[in-house]
Amino acid sequence: MTDATTAGTAAVKTGRPSLDLHVIGPIVALLALILIGALMNPNFLSYGNVTNVLARSAFIGIIAVGMTFVITAGGLDLSVGSMAAFIAGLMIIVMNALVPTLGTGWPTILAGMAAALAIGFAAGLFNGLLITQARIEAFIVTLGSMGIFRSLVTWLADGGTLSLNFSVREVYRPVYYDGIFGIAWPIIVFLAIAALGEIVMRHTAFGRHCAAIGSNEQVARYSAVHVDRARLAGYVLLGVLVGVATIMYVPRLGSASSSTGVLWELEAIAAVIIGGTVLKGGFGRVWGTVIGVLILNLIENILNLTDLVSPYLNGAIQGVIIILAVVLQRQKKATR
Amino acid sequence: MQPAPQTTARTATSAAHAPILALAGVSRSFGPVQVLFDVDFDLYPGEVHALIGENGAGKSTMMKILSGYLEPTTGEVMLDGAPVSFTSSEDAEDRGVVLIHQEFNLADQLSVEQNIFLGRELKRGLFLDHKAMRATTNELLARLETKTPAWATVSKISVPEKQMVEIAKALSREARVLIMDEPTAVLTRNEAEILFRQIERLKAQGTAILYTSHKLDEVARIADRVTVLRDGRHVLTAPASELSEDAMAEAMVGRELSNLFPDKADANAAETVLVLKDFSVPGIVENANFELRRGEILGFAGLVGSGRTELMEGLIGIRPATGEIRVNGKARQIRSVDDARKAGIAYLTEDRKERGLLLNQGMRPNLTLLALQKFSRILIDRDAEEKALDRSIREFDIRAPSREIKVANLSGGNQQKLLLAKTMLAEPEIVIIDEPTRGIDIGTKQQIYQFVRRLADEGRSVIIISSEMAEVIGLATRVAVMRTGRIAGTLKGGDINEDAIVRLAMGLEKKAEGND
Amino acid sequence: MGVRNAFKALAVMSMIALPMSAAAQDKATIGVSIPAATHGWAGGMNYHAQAAVNRLEEVYPQLDFVLATASDPGKQVSDIEDMMATRNIDALVVLPFESDPLTGPVKRVAEAGKWVTVVDRGLSEEGIEDLYVAGDNPGFGRVAGEYFRQRMPDGGKIVVLRGIPTTIDNERVEAFQKALEGSGIEILGMEHGNWNRDDAFTVMQDFLSKYPEINAVWASDDDMAVGVLEAINQAGRTDEMWVLGGAGMKEMIKRVMDGDKMIPVNVTYPPAMIASAIEMTALKFVSNAPVSGRFIIGSVLITPENAESYYFPDSPF
Numbered sequence: 001m002t003d004a005t006t007a008g009t010a011a012v013k014t015g016r017p018s019l020d021l022h023v024i025g026p027i028v029a030l031l032a033l034i035l036i037g038a039l040m041n042p043n044f045l046s047y048g049n050v051t052n053v054l055a056r057s058a059f060i061g062i063i064a065v066g067m068t069f070v071i072t073a074g075g076l077d078l079s080v081g082s083m084a085a086f087i088a089g090l091m092i093i094v095m096n097a098l099v100p101t102l103g104t105g106w107p108t109i110l111a112g113m114a115a116a117l118a119i120g121f122a123a124g125l126f127n128g129l130l131i132t133q134a135r136i137e138a139f140i141v142t143l144g145s146m147g148i149f150r151s152l153v154t155w156l157a158d159g160g161t162l163s164l165n166f167s168v169r170e171v172y173r174p175v176y177y178d179g180i181f182g183i184a185w186p187i188i189v190f191l192a193i194a195a196l197g198e199i200v201m202r203h204t205a206f207g208r209h210c211a212a213i214g215s216n217e218q219v220a221r222y223s224a225v226h227v228d229r230a231r232l233a234g235y236v237l238l239g240v241l242v243g244v245a246t247i248m249y250v251p252r253l254g255s256a257s258s259s260t261g262v263l264w265e266l267e268a269i270a271a272v273i274i275g276g277t278v279l280k281g282g283f284g285r286v287w288g289t290v291i292g293v294l295i296l297n298l299i300e301n302i303l304n305l306t307d308l309v310s311p312y313l314n315g316a317i318q319g320v321i322i323i324l325a326v327v328l329q330r331q332k333k334a335t336r
Numbered sequence: 001m002q003p004a005p006q007t008t009a010r011t012a013t014s015a016a017h018a019p020i021l022a023l024a025g026v027s028r029s030f031g032p033v034q035v036l037f038d039v040d041f042d043l044y045p046g047e048v049h050a051l052i053g054e055n056g057a058g059k060s061t062m063m064k065i066l067s068g069y070l071e072p073t074t075g076e077v078m079l080d081g082a083p084v085s086f087t088s089s090e091d092a093e094d095r096g097v098v099l100i101h102q103e104f105n106l107a108d109q110l111s112v113e114q115n116i117f118l119g120r121e122l123k124r125g126l127f128l129d130h131k132a133m134r135a136t137t138n139e140l141l142a143r144l145e146t147k148t149p150a151w152a153t154v155s156k157i158s159v160p161e162k163q164m165v166e167i168a169k170a171l172s173r174e175a176r177v178l179i180m181d182e183p184t185a186v187l188t189r190n191e192a193e194i195l196f197r198q199i200e201r202l203k204a205q206g207t208a209i210l211y212t213s214h215k216l217d218e219v220a221r222i223a224d225r226v227t228v229l230r231d232g233r234h235v236l237t238a239p240a241s242e243l244s245e246d247a248m249a250e251a252m253v254g255r256e257l258s259n260l261f262p263d264k265a266d267a268n269a270a271e272t273v274l275v276l277k278d279f280s281v282p283g284i285v286e287n288a289n290f291e292l293r294r295g296e297i298l299g300f301a302g303l304v305g306s307g308r309t310e311l312m313e314g315l316i317g318i319r320p321a322t323g324e325i326r327v328n329g330k331a332r333q334i335r336s337v338d339d340a341r342k343a344g345i346a347y348l349t350e351d352r353k354e355r356g357l358l359l360n361q362g363m364r365p366n367l368t369l370l371a372l373q374k375f376s377r378i379l380i381d382r383d384a385e386e387k388a389l390d391r392s393i394r395e396f397d398i399r400a401p402s403r404e405i406k407v408a409n410l411s412g413g414n415q416q417k418l419l420l421a422k423t424m425l426a427e428p429e430i431v432i433i434d435e436p437t438r439g440i441d442i443g444t445k446q447q448i449y450q451f452v453r454r455l456a457d458e459g460r461s462v463i464i465i466s467s468e469m470a471e472v473i474g475l476a477t478r479v480a481v482m483r484t485g486r487i488a489g490t491l492k493g494g495d496i497n498e499d500a501i502v503r504l505a506m507g508l509e510k511k512a513e514g515n516d
Numbered sequence: 001m002g003v004r005n006a007f008k009a010l011a012v013m014s015m016i017a018l019p020m021s022a023a024a025q026d027k028a029t030i031g032v033s034i035p036a037a038t039h040g041w042a043g044g045m046n047y048h049a050q051a052a053v054n055r056l057e058e059v060y061p062q063l064d065f066v067l068a069t070a071s072d073p074g075k076q077v078s079d080i081e082d083m084m085a086t087r088n089i090d091a092l093v094v095l096p097f098e099s100d101p102l103t104g105p106v107k108r109v110a111e112a113g114k115w116v117t118v119v120d121r122g123l124s125e126e127g128i129e130d131l132y133v134a135g136d137n138p139g140f141g142r143v144a145g146e147y148f149r150q151r152m153p154d155g156g157k158i159v160v161l162r163g164i165p166t167t168i169d170n171e172r173v174e175a176f177q178k179a180l181e182g183s184g185i186e187i188l189g190m191e192h193g194n195w196n197r198d199d200a201f202t203v204m205q206d207f208l209s210k211y212p213e214i215n216a217v218w219a220s221d222d223d224m225a226v227g228v229l230e231a232i233n234q235a236g237r238t239d240e241m242w243v244l245g246g247a248g249m250k251e252m253i254k255r256v257m258d259g260d261k262m263i264p265v266n267v268t269y270p271p272a273m274i275a276s277a278i279e280m281t282a283l284k285f286v287s288n289a290p291v292s293g294r295f296i297i298g299s300v301l302i303t304p305e306n307a308e309s310y311y312f313p314d315s316p317f
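Those sequence lines, one after another, are chains A, B and C. Numbering-wise (full-length UniProt numbering), the first sequence opens with residue 1 and increments by one. Numbering-wise (full-length UniProt numbering), the second sequence opens with residue 1 and increments by one. Numbering-wise (full-length UniProt numbering), the third sequence opens with residue 1 and increments by one.
By construction, these hints were calculated from the structure, which means they are not laboratory data. Yeah, the Cβ is synthetic: ideal placement off N, Cα and C, and Gly gets one too. It is possible that some hints are incorrect.
Said to hold, decoys possible - What the simulated footprint calls covered on chain B by chain A, stretch by stretch (three residues with Cβ under 8 Å from a Cβ of chain A suffice, anywhere in the stretch; the number is not a length):
1) 326 to 338
2) 345 to 356
3) 407 to 414
Unchecked claim - Here are the computed lysine to aspartate or glutamate pairs in the DMTMM-like style, where the Cα-Cα straight-line distance is at most 20 Å:
4) LYS107/C x GLU81/C
5) LYS203/B x GLU193/B
6) LYS280/A x GLU193/B
7) LYS250/C x ASP158/A
8) LYS210/C x GLU170/A
9) LYS264/B x GLU458/B
10) LYS353/B x GLU217/A
11) LYS406/B x GLU217/A
12) LYS210/C x ASP307/A
13) LYS254/C x GLU170/A
14) LYS157/C x ASP307/A
15) LYS342/B x ASP228/A
16) LYS123/B x ASP94/B
Produce the entire structure from the sequences given, and follow the hints as far as they go.
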């Protein structure tokens, strides 16, 4: 770990003398937001608020880590929000159905979690196979599966809301609301996945292959990279991570409906791009994505905590900040 | 010494013979790196002027300054004797100075005609005047003696055809100065001949032509004057008639070039490492049979499009192929580059920018991509990678301004060396090198030939595919010649010469065989 | 007389109408165009529409129904045009996604001589429809406001969650604010929770961080109330405040019935209004009952005493 860090700084020193805005841009934006928030409202840095924001970020954050790999490899997945709703719906149905046999305790919940991961795996495989084997554009495939998953959950819920068995929910609830050492479980899971993701991206052959495929698929193919296999793995990984996010989401409100996870895909993609990953692929960084997710959630939090602008304009403020964050990075690139 | 008085003489005799485009004391830096040092240069109407130098000598930068893509850091660009500062390449084009890039600037999904008139479409009222554009395009294409139809989509036409379209586009702009960056690098002999005829015609019309090439025989033939750049400095400008090819090469390299090719070694006695039997790549290569011995350099010659590259791509599993592959006597199924790597076969592509290297990444990830499994158990060992990079930089003499530089910013020669290093990191027993020196200066060429020789001496077997006949003849102990998807014949030892290769490649030998 | 009773009366009328008209009438096709089930209330509305169509088709074999759900106004316009062009409908029951874009297309249906029933959201131009059935949005806000007033005679501090920014939401909130005027009740903050559980959860979390003292919450919708309750639960401030949702989600009605301290009452905005509208339109074709005019289904306060009559355990909402 120490070795890697020293090597990193050494490289920066020999490479570029000035601080690279491309690298520190998102961090600066995040710090600025934190400063603004702290000045605006004394409760902003309170334990409760910080926990709230981090825990809320977890769902999109976990998904965005997976999305970073898919985008780095030159792909895209628009279906993750619908997929999350679909997995949440099925997971609730599975757990409710298991109550008579397994009871209302942990066996049922563990079975539900396993189901969520399995469904996520299958959904990712579905997207990935259509993209790599049937050779259909990722945009089209996932646009299609976005509609499919969304309709399926509406159908499963009969247009309404699927609710988890009350007793099961009471047992499951701490998975979102409790934690250890005062850190909520969603935060722990999110940070663990982000750390793992960063290692996989930077220090494993899979991460290297994703970047190679994203920057030039032909070169990757001629360099003995199994292009289709790596791509497929990316979508499957993302599907499984959507499953993980759902496992953390269901205990929060204990329900799923057709409005669950709406626009999560765009938030996840925005977070990835704000974090400095290149939309057309070839370069990705997971830590940047984490910062991107935090930026998005902090904006919302600050707007709620203060009365600066009309709530009608919340979307506009978010939009401006997303564009600004990316413009800052691009400018540096153009002068290179 | 010679050119200076000549220049004055010319200026003195007639105003028509004043330089149309010139540089006076031009320097250019990119950040801390200076690439041009106080260069003087002039170009006259109706002359063909060759600009030569090694890769990284500053030719591209100089051409870009002349054509408005870059501004000089210091010094002046002069157009028609007056200082000018082009605001953009469009501005330069409007004033009659057009640069034709080595990587073409064509919109792939548009037709030839649409490309030629891109941004300057002819109109009648509010609507496009298709008739007039089609007529002009046909006329231009006819002048260039190309058979490409005006309606063809650019992505569907061949590389030389694209070159012709670029030239047609420049002609349609009524260029007074045509700057061409290695126009013949991608052309066959015939196509190059057509280009030369066209250049003669343009010259007769008074167009000034500046072009770069690594093919010195070509320069000697068509250039009126030659300017040599070395390490960003102007070395000499002289009439082509006064410079021998050797003199040009020496001026470029700055040292005497002894024998370009290393000595050959005989590998006839060694055991066979690779056998291909009835090997076909559907639609392209038919029933190829050949074998390769340990320590041998086998050449593959033939015209562009004769199926040499496709045969090798079939062998390494990039293209679907049928037939038998035996490596060291054992039959192998090769369905992917990974299979080929495991069988000890590596292929260096002819297209290093699109298939060989990740241009937007650094040297380290490029170097280890093919042999990445050697550097990773679960995690990649970055220290080992750095050490491998050190070793490769030393072994292959890769010259980079910094270790972190993006590969796109390396010169062609250094890219090719890096590609060689990357391939050798996989420790292949059999190395297939497609066009080992395309677009590379003569000094680096010599180095690469030495590397190839060393590979063979180490006991590896090498296949060299090249369109440069001299290269195949100079390196290989046997030469297979391909023609329209078949191996037309194999030449050995003393039988290897240009005439024999051309006969096989053109199908002349076949006729002779059929006669007896 | 109370709209619920009017609805019951109509149902009874339709029962009476059945035997005497079943054989006599010609075949008729009724088109029903409604927004898709994108949130709880709409889900309930879809359920009631489907249930009404099934019931009526069984009772009146001579009636044919075409039910289309649209996910956006453009899709809804296409649906209506398709119904006119390919199904040759005799009547249209429409719950417009938005008023403005649907006014023109619905007007053309009326001009073609078809019967038009508009539900819930009015069109931008008056006099197009033959029958108008709607909930009472200002009433919805007013009833809630009056309850706050009665419950907090000495004033208090409350927060408000609003729906998706629309006319409906504006009418409700304006009436609510008007009802509170001069009561000494202070609205600390209002944010949009978009009639969505997750958004409401987030907004309420931030309200809780921002305001140390909150006496009550007007969640203005039962889906949002679910998120709000969870956020209050998490903050451990359940003893400090109570929550008023709205629209009569079955789980919430159940809690009112059970006397839950945090959910003392609810306010109706019945998704079943679509069923009334379909049934009244059907009556036009199977009987001679006069059905045209305007029917506003008022919002009623649901208390533990009357909750049972508003509890539909089979509805998805």
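Hint by hint, here is what the structure shows:
1. Coverage of the segment 326 to 338 of chain B by chain A holds in this model, with 3 residues showing a Cβ closer than 8 Å to a Cβ of that chain against a need of three.
2. Given as covered by chain A, the segment 345 to 356 of chain B passes the check, having 5 residues with a CB less than 8 Å from a CB of that chain where 3 are the minimum.
3. Here's how the segment 407 to 414 of chain B fares: 0 of its residues keep a CB closer than 8 Å to some CB of chain A, so the rule of at least three is not met and the hint is violated.
4. Note on LYS107/C and GLU81/C: the hinted pairing holds, with a Cα-Cα distance of about 12 Å set against a maximum of 20 Å.
5. Using a Cα cut-off of 20 Å, the hinted pair LYS203/B and GLU193/B holds, with the two alpha carbons roughly 15 Å apart.
6. Proximity of LYS280/A to GLU193/B is assessed by CA-CA distance (about 41 Å); at most 20 Å being required, the pair is judged violated.
7. Restraint check for LYS250/C and ASP158/A: satisfied, since their Cα atoms lie roughly 15 Å apart, inside the 20 Å limit.
8. In summary, the hint linking LYS210/C to GLU170/A is not supported, as the alpha carbons are separated by about 28 Å, beyond the 20 Å threshold.
9. Of the supplied pair hints, the one linking LYS264/B and GLU458/B holds, its CA atoms being roughly 14 Å apart against a limit of 20 Å.
10. Taking the CA atoms of LYS353/B and GLU217/A, the gap is near 12 Å; set against the 20 Å cutoff, the hint holds.
11. For the proposed pair LYS406/B and GLU217/A, the alpha carbon gap of about 18 Å is at most 20 Å, so the pair holds.
12. Distance hint between LYS210/C and ASP307/A is fulfilled; the C-alpha atoms sit about 11 Å from each other, no more than 20 Å.
13. A hinted pair counts as satisfied when its Cα atoms are at most 20 Å apart, and LYS254/C with GLU170/A qualifies at roughly 18 Å.
14. Taking the CA atoms of LYS157/C and ASP307/A, the gap is near 17 Å; set against the 20 Å cutoff, the hint holds.
15. Distance hint between LYS342/B and ASP228/A is fulfilled; the C-alpha atoms sit about 19 Å from each other, no more than 20 Å.
16. Among the hinted pairs, LYS123/B with ASP94/B is consistent with the structure: their alpha-carbon atoms are about 19 Å apart, no more than 20 Å.
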